[in-house]
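Peer 1: Chains as they are written, first to last, in the working numbering: chain A, 1 to 355; chain B, 1001 to 1355.
Careful: at least some of the hints might be erroneous.
[Unchecked claim] Calculated pairs, DSS-like style, for lysine-lysine (alpha carbon to alpha carbon, straight line, at most 25 Å): (1) B:K1124 <-> B:K1145; (2) A:K290 <-> A:K311; (3) A:K111 <-> A:K124; (4) A:K124 <-> A:K145; (5) A:K145 <-> A:K111; (6) B:K1311 <-> A:K288; (7) B:K1145 <-> A:K290; (8) B:K1290 <-> A:K290; (9) A:K78 <-> A:K290.
[Stated by the list, open to error] Distance ranges between label pairs, derived from CB positions: (10) A:K311 <-> B:I1101: 34 to 42 Å; (11) A:Q138 <-> B:P1104: 52 to 60 Å; (12) A:E119 <-> B:E1159: 47 to 55 Å.
[Claimed, not checked] Which stretches of chain A does chain B cover? Using the computed rule of at least three CB atoms under 8 Å from a CB of chain B, they are: (13) 146-153; (14) 221-232; (15) 322-330.
These aren't lab readings, by the way, just hints derived from the structure by calculation. Every residue gets a Cβ at the ideal spot worked out from N, C-alpha and C, and that includes glycine.
2 protein chains.
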Amino acid sequence: MRLSSRVTGLLNIKYPIIQAGMAGSTTPELVATVSNAGGLGTIGAGYFSPHRLEQEITYVQELTDLPYAVNLFVPSEKLYIPEKVEHMNAWLRPYRRAFNIEEPVVNMTEKQQFEDAIEIIIDKGVPIVSFTFGIPEQDIIERLKARHITLIGTATTIEEAIANEHAGMDVVIAQGSEAGGHRGAFSENTSQLTPLIGTMSLVPQMVDHVNISVIAAGGIMDGRGLVASMALGAEGIQMGTAFLTSDESGASELYKDAISQSEETDTVVTNVFTGKPARGIDNEFIHKMKEYDDEIPDYPIQNQLTSAIRKAAANVGNAQWTHLWSGQSPRLAQHISAWTLVENIIKEANELLND
Amino acid sequence: MRLSSRVTGLLNIKYPIIQAGMAGSTTPELVATVSNAGGLGTIGAGYFSPHRLEQEITYVQELTDLPYAVNLFVPSEKLYIPEKVEHMNAWLRPYRRAFNIEEPVVNMTEKQQFEDAIEIIIDKGVPIVSFTFGIPEQDIIERLKARHITLIGTATTIEEAIANEHAGMDVVIAQGSEAGGHRGAFSENTSQLTPLIGTMSLVPQMVDHVNISVIAAGGIMDGRGLVASMALGAEGIQMGTAFLTSDESGASELYKDAISQSEETDTVVTNVFTGKPARGIDNEFIHKMKEYDDEIPDYPIQNQLTSAIRKAAANVGNAQWTHLWSGQSPRLAQHISAWTLVENIIKEANELLND
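Kindly produce the complete structure, drawing on both the sequences and the hints.
Peer 2: In structure tokens, the structure reads:
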């Protein structure tokens, strides 16, 4: 086995290590550090306004000449059901009151925002784009490919991987059940039904069914995980949690500490924060909201309804009322520079391969 | 990396491949074939009467001179609640009627059966015993160790692995969430609460926290999985589903075909068949019984209540009313000899390591 692969050539990177999008927690420093260390940094643009996206890309371009990616959330047709929003607002009232927060006005501009992001990506010459929550429409894929932008899709099942390949993605992330944060699933996707296939099962079955490069994600934190993923047939790895606790990450100290202090059994998959299932450390907000499991408004509505509450809670050091996305390997999380993390992984992987 | 390890020396086997207990589906031929091929065959004795256990051990000893193991279910204190059993019998009536099956008399002799099994294991000179559902009492462990019997425990969390090590187990199976059949969990263990940590997360965290040999289980079907597991720090692998579809397995053709025809998303974790959570292919019985999720009698009661129904269903080719344990990698299942399976895995692993 070798650490260089088709995908390192395709993405023009030295090491097959991708830093996951992690919307809300990436910084230009993190993205550039990972890319400068030889991996692929990713701007987590899922929640960005066009203006913010433009700024972040500019900043990253100032910090690195090497390839980096932008991760986007693919919009889907979702219904705004006023009654559901009213109910949720009533349940969220105690939290808003605690922080003196106004009820937000929900916007349904997700699709417009996505299209604006595509324009910015083309204008700014972004070399690589990754997608979560689905596959963009064919005309968008063709526009990006015409500009020689490399496309990375996300799949939680073999069927989703095949759909990504058919749509023209160059690379597909196999997101195993261990992964922290949002499930990338787009075939079925409620908290009860979202596919949760472990990385050990998902990767080899996916590799057997698609010809494009497969990147393993979920539970991978170190050189052991990199070599294991390559053995399963992946050409590289994507890591979120491992980079989330790094020095350059935008996650708060509260958030980083919550991960470091947690155990492998502490996470659950829940849709109560954003309306889409995501893996995070269990806390009071999840427990309280579990009652209304069937009545949570869809993403992006629920995300907008809870966003200010989560920010306010994090600001005052309240880990019980904010999301704490984490994968199932928190015992392997380290508070070190993303640069050192990449270096250590490659060193450990090479030692394993040469042992 | 090398395929020989501390554990191959400890178990006195050539290859670090353990065939999982798979109560109900192992045959002496399967056990002996795996051992003769250089791995470790395991008699799945979980449901055996003392007489049956004695017979199976004798038969295996006739078929191989090499080490093999016996897998036992560790009994736990469970309550027989007459009301719960009455309700379940009412819900099961339509199934019994369909097959002309009498209501069974539930026996609570699990503990006695376990103690008898320990005597037989000592008398017959069984070299290795593995345990599922917990850790036996200290006096039993000491009696087995005094006879130089090697002990293998099962853990689904780091805490359970540490408990196994403290109790004196020589080896611990890290059972990842991908694994088919019963969850070995003994800390928390209801369908809702049973820990489901993916193999990619579980193995390296476990290796970091215990000094005894860790064996990876869950989703592993081929040489790729073996090398991946070794990279994560495991000293070997345990496979159930991969051996279940082998020629020598005792599983019915119905059962084997159900696995071969299924996809990675087709399994669920359910307690409706036996009273303990187990991963199997979703079917009508699971759907119907899901309604009574909170009212399923504990193992071994529910197991006894549904056992004859499941056997009768399997006999008439009804895959909807019987258990179909399977892990999350059914696309990798093969109908080949267990001997060839072991040989292929070692060949593929060596090719990967030398590539």
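Peer 1: Check the structure against each numbered hint from earlier and tell me which ones fail, lowest number first.
Peer 2: Hints 6, 7, 10, 13 contradicted; others consistent.
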